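Participant: So the chains spell out like this:
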Amino acid sequence: MGTSTHRNDDAEVVNQVVSGDLNGFERLLKRYEAHVLGIVTKHIPFDKVEEVAQDVFVRVYQSLPNFNRNDSFKQWLSTITIRTCYDFWRKHYRCRETPVSSLSEKHQVWLEQAMATRSSQSFDERASQKEAREILDWALDRLSSEDRVVLELVYLEGYSVKEAANLLGWSTVNVKVRSFRARKKLYRLIKEMF
Amino acid sequence: MTLIKTENEALREILRRAYHQKEKVEVSHRWQEEVMRRLRDLGEMEARPTFVAMFEQLVWRLAPVTCLLILGFALLLSSVDFISSYDLIHSLMNSTEEIALNQFFGL
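Those protein sequences? They're chains B and G, same order as listed.
Mapping to the working numbering: the first sequence position 47 is 47, numbers consecutive.
Every number in the working numbering is 1000 more than the matching position in the second sequence, counting from 1.
Be a bit skeptical, because a hint or two may be false.
What the hints assert, rightly or not - So the derived list for chain B, only partly shown, Cβ under 7 Å to chain G, looks like this:
{"hint": "1", "residue": "Ile39"}
{"hint": "2", "residue": "Thr41"}
{"hint": "3", "residue": "Val49"}
{"hint": "4", "residue": "Gln54"}
{"hint": "5", "residue": "Asp55"}
{"hint": "6", "residue": "Val58"}
{"hint": "7", "residue": "Tyr61"}
{"hint": "8", "residue": "Arg133"}
{"hint": "9", "residue": "Leu156"}
As the list claims (entries may be wrong) - Lysine-lysine pairs mimicking BS3-like chemistry, simulated, CA-CA at most 30 Å apart:
{"hint": "10", "chain 1": "B", "residue 1": "Lys30", "chain 2": "G", "residue 2": "Lys1024"}
{"hint": "11", "chain 1": "B", "residue 1": "Lys42", "chain 2": "G", "residue 2": "Lys1024"}
{"hint": "12", "chain 1": "B", "residue 1": "Lys91", "chain 2": "G", "residue 2": "Lys1024"}
As the list claims (entries may be wrong) - Here are some chain B residues pointing at chain G (derived, C-beta under 8 Å):
{"hint": "13", "residue": "Gly20"}
{"hint": "14", "residue": "Leu22"}
{"hint": "15", "residue": "Leu29"}
{"hint": "16", "residue": "Leu37"}
{"hint": "17", "residue": "Phe46"}
{"hint": "18", "residue": "Glu50"}
{"hint": "19", "residue": "Phe57"}
{"hint": "20", "residue": "Ala132"}
{"hint": "21", "residue": "Leu136"}
{"hint": "22", "residue": "Tyr155"}
{"hint": "23", "residue": "Tyr159"}
{"hint": "24", "residue": "Glu163"}
{"hint": "25", "residue": "Tyr187"}
Just so you know, the hints here were simulated from the structure itself, not pulled from any lab data.
This structure is a prediction, so every number in the text was calculated from the model and none was measured.
A virtual CB, placed ideally from N, CA and C, is assigned to each residue, including glycine.
Chain B with its partners taken away, still in its complex shape (with noise of 0.2 Å):
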């Protein structure tokens, strides 16, 4: 029910805004602000996190007039917002000047404890460290824009290769063999630090 209120609402304040008010933007803009922002700092690099959100509303002002009414409007943002975040990492990746990150021996040592600690208790303090972030930044760094994001959503995530395919606009097969694929090339990278 409340579903359903807030989606005929969104609908009602989309045709606000498709018929010349911008203000009845500025709702939308505070009601999934947050939504946006949760999913944006997942993808995207700290300093980045801003701009790309602003720019995720922008497109999504852009594309208004395109929106089906009867969707849920909650949905096709988020699928507006993963595509802003692939194409963050395309371009940051074209325009790449400076190195990738390297790691230390720190990583190395950390990664080889934390496989093999098995307890829960300690395998929790050893998750809490900031190396293993390190270290996933390191190898997704490695990885083409369309692995990192396939990885993310599937692997990372846990989406589903269907909801994958949907946010990304490509087929159930490209996500799933690209899914396989990134997955191996990332344990690959992993497992040649040791």
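Fit chain G to the known structure of chain B by using the hints.
Facilitator: Below, chain G alone, put in the same frame as chain B:
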């Protein structure tokens, strides 16, 4: 094999936790104003898609049909004879005329 699988699962769990541990980004209160400013700079929204956009959509929609038609015509042309029936009849008529004249003049 099982060991590799277990290792990969452990690795996945470590990476998943690390991935979800990203801190929440606090955006400045001017963030929304900045978005609205950018939207105002864009100008009025086009309520209807432009002619170029519609044409572009149409072209892409018709592209597979066009390809199929080209393929069909290519197959058709390769299977039929290139000498048209008109030319065939014409050449037959010419040769019968020649035979008749030959008979008439006794050549």
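Participant: Honestly, which of those hints from before does the structure not fit?
Facilitator: 1, 5, 23 and 24
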